[in-house]
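Listed below are the residues making up each chain.
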Amino acid sequence: MLKGGSRDTGRLLMERSVPGRMGVVTPPLDVPQQPMPDASLLRDDLGLPEVSEPEVVQYFTALSQLNFSIDTQFYPLGSCTMKYNPKVNDEMAFLPGFAAIHPLQPEEQSQGALELLYRLQEFLGKITGMAGVSLATLAGAHGELAGVLMMRAYHHAQGDTGRTKMAIPDSAHGTNPASAAMAGFDVVSLASDKDGNVDLEALHELAGPDLAGVMITLPSTLGLFDQNIVEVCRIVHEAGGLVYGDGANMNALLGRTKLGDLGFDVIHLNLHKTFSTPHGGGGPGAGPVCCAPILARYLAAPVVTATDFNGNGSGSTYSLSTPEQSIGKMSGYHGNFGVLVRAYTYIRTLGDAGIKSISGNAVLNANYLLQALKDIYYLPYDRTCMHEVVLSADWQRARGVSGLDVAKRLLDYGFHAPTMYFPLIVHEALMIEPTEAENRDTLDAFIQALRDINQESFDDPDFVHHAPHTTTVSRLDEAGAARHPDLRWRPEA
Amino acid sequence: MSPDDRRYTREHEWAKLDDADSRLVSVGITAFAQDELGDIVYFDLPTPGDSVSYMVKMGEVESVKAVSDLFSPVTGQIEAVNDELVDHPELVNDDPFEAGWIMKVVLADIAELETLMSAAEYDEYIGSN
Ligand SMILES: Cc1ncc(COP(=O)(O)O)c(C=O)c1O
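Top to bottom, those sequences are chains U and D. For the first sequence, the working numbering assigns the number 53 to the initial residue and increments by one for each residue that follows. For the second sequence, the working numbering assigns the number 2 to the initial residue and increments by one for each residue that follows.
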């Protein structure tokens with residue numbers, strides 16, 4: 053029997069089909085009927101499910117209620133900055149003047165939208181200390197690709213085509229080497245030293261005439277501020293290379309440190325993390341690229357320019373332009389405009405002081421967790437952390453409870469799992485990013501859950517090993533799913 | 002204890018001499034390596050006939066945790082790869098030292114094996130690691 057009838061989520065929509073049930077009533081034809089295309093063009097019947105509208109709504113609503121989301125559960129997914137997304141952001145993005153314009157509308161009809169983009173460019177330039185900004189890239193990884201293509205364009209413009217290597221720390225997010233490889237570079241791994249900083253000796257060895265540059269994440273994916281960063285930039289520049297900054301972790305630095313001041317040449321930001329726009333299945337991303345003056349001419353098109361911008365915007369006109377030696381277009385139109393409206397709203401709502409309080413509270417929250425847990429979860433880099441803390445479940449694993457088991461058990465306690473097994477250089481890594489949006493009650497409850505799970509690892513490791521026990525589905529066969537993916541519904545033979 | 006009929010690298014590969022006359026060795030990853038990786042879901046295998054060099058990348062292994070490079074423990078030419086791993090990567094989790102072999106290589110120089118770690122040295126290396 054189906055639990056909950058048509059609200060049961062165990063059956064796919066295709067399996068609910070009943071001949072003759074209908075979800076839509078098609079309106080009468082009001083255009084001349086056209087002949088059907090040649091039937092031989094059709095490979096197959098399109099087996100659409102026959103279901104009623106209420107059934108579809110009930111099914112998808114029931115599915116959505118199984119979800120973990122930032123508005124329902126604490127979501128400490130390291131490196132992902134799953135912070136609260138203020139609802140006013142959505143309200144602004146839904147304003148008809150923003151939501152109903154078409155990207156091909158003439159510029160003189162979309163001056164308001166262009167002004168918003170221009171002002172957002174200015175804000176991001178100010179926040180990062182960088183002169184050039186392009187909003188055209190649609191995700192962090194997309195911004196990385198644009199940034200490294202700009203680095204390549206720069207070297208080639210100097211007639212320097214021998215710089216084939218991109219050095220990337222061994223703690224980096226996987227998108228960094230992927231982006232560099234996609235842009236045609238040979239990726240070389242840059243070791244971390246015992247404190248989790250870039251190993252300067254290793255960097256010295258790589259810094260030569262074949263080094264195009266380095267890609268540095270600051271704070272790093274270990275949640276640490278690289279204390280060598282100024283020296284790193286100096287060494288790379290001295291060797292004729294450029295420094296790329298992965299700014300996905302800017303939540304830790306907002307209003308305090310500017311990557312441009314530290315010596316970075318080009319960076320991307322993840323607006324969908326740092327600037328509170330929904331992500332992780334909740335919405336599209338935006339990964340704007342910011343750069344130093346020497347690289348601005350290579351930025352992805354379009355960028356918004358203003359004539360006579362006087363601060364309050366009156367009397368200015370805005371237009372889209374292509375930087376002199378642009379790497380070209382990276383997306384169809386002007387980036388994910390709705391995301392950009394949300395990020396702009398966030399910045400305007402907070403103002404200077406508010407922006408600064410984000411990084412303060414993000415770092416405070418992460419260190420609160422670090423201090424409360426480091427006696428029972430191994431802390432591989434015993435330093436003050438930034439916006440996230442990377443712990444290890446090594447001690448628990450010795451008792452038969454892995455990092456994966458701890459993460460799964462947290463679901464029973466009502467918390468989303470932290471990021472696991474990343475960064476790769478930390479054994480049994482549990483990467484926890486609370487964000488500034490959480491209050492002390494939530495943090496204390498999370499700490500208690502991790503302490504309880506640690507106790508369970510002594511008392512009943514097998515119980516933890518088989519968690520979760522209270523969720524709709526328990527331990528899924530992840531290896532089976534990856535080995536033999538079954539992604540497509542087929543009618544029973 | 003790792004089997005002492007073969008040699009080991011710091012990157013957790015093993016190389017076992019199958020036939021001294023033809024300088025043929027089997028190559029795979031160790032029990033320690035598969036345990037660290039977790040459930041293996043995919044192998045990017047090298048191609049028979051290709052040359053491999055000591056500590057140069059020969060392929061990739063993907064587990065539920067991460068994707069890692071595979072490095073050749075020896076220098077020579079690939080005689081065969083274990084095609085079974087395409088559909089059954091779990092063979093390496095279940096039996097890393099036998100059924101889960103990855104490739105067979107004709108060594109350029111049989112003396113190269115002597116430069117790798119013995120089982121006792123490898124066990125000490127992973128113990129202290
Ligand atoms: C440090 C870091 N860099 C880059 C990225 C890539 O960003 P995106 O997922 O938007 O492509 C991420 C996020 O997943 C990240 O955490």
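There's no promise every hint is true.
Chain D side only, calculated, beta carbon under 8 Å to chain U, not exhaustive [what the hints assert, rightly or not]:
no.	residue
1	Gly60
2	Glu61
3	Lys66
4	Val87
5	Glu91
6	Met118
7	Ala120
Below, a list of computed lysine-lysine pairs in the DSBU-like style, where the Cα atoms sit at most 30 Å apart [unchecked claim]:
no.	chain 1	residue 1	chain 2	residue 2
8	U	Lys381	U	Lys408
9	U	Lys246	D	Lys66
10	U	Lys426	D	Lys105
11	U	Lys408	U	Lys178
12	U	Lys139	U	Lys310
13	D	Lys105	D	Lys17
14	U	Lys178	U	Lys381
15	D	Lys58	U	Lys246
16	U	Lys246	U	Lys310
I should point out that these hints are in silico values taken from the structure, not numbers from a laboratory. It should be emphasised that the depicted structure is a prediction, and the values quoted were computed from it without experimental measurement. Just so you know, even glycine gets a beta-carbon here, dropped at the ideal spot from N, CA and C.
Hint-by-hint comparison with the structure:
1. Gly60: With a closest approach of 16 Å, the Gly60(D) hint is violated.
2. Glu61: Where the cut-off is 8 Å and the nearest Cβ of chain U is about 13 Å from Glu61(D), the hint is violated.
3. Lys66: Lys66(D) check passes; min Cβ-Cβ to chain U is 4 Å, inside 8 Å.
4. Val87: 11 Å, violated
5. Glu91: Holds - the Cβ of Glu91(D) comes within 8 Å of chain U, reaching about 7 Å at its closest.
6. Met118: With Cβ-Cβ at 21 Å, over 8 Å, it is violated.
7. Ala120: Hint violated; Ala120(D) Cβ to chain U Cβ min 23 Å, cut 8 Å.
8. Lys381(U) - Lys408(U): Violated, because 33 Å separates the two Cα atoms, which is more than 30 Å.
9. Lys246(U) - Lys66(D): 23 Å, holds
10. Lys426(U) - Lys105(D): 46 Å, violated
11. Lys408(U) - Lys178(U): 13 Å, holds
12. Lys139(U) - Lys310(U): 28 Å, holds
13. Lys105(D) - Lys17(D): Holds, at roughly 9 Å.
14. Lys178(U) - Lys381(U): Answer holds: Lys178(U) to Lys381(U) is near 24 Å, not above 30 Å.
15. Lys58(D) - Lys246(U): At roughly 26 Å apart (the allowed maximum being 30 Å), Lys246(U) and Lys58(D) satisfy the hint.
16. Lys246(U) - Lys310(U): 26 Å, holds
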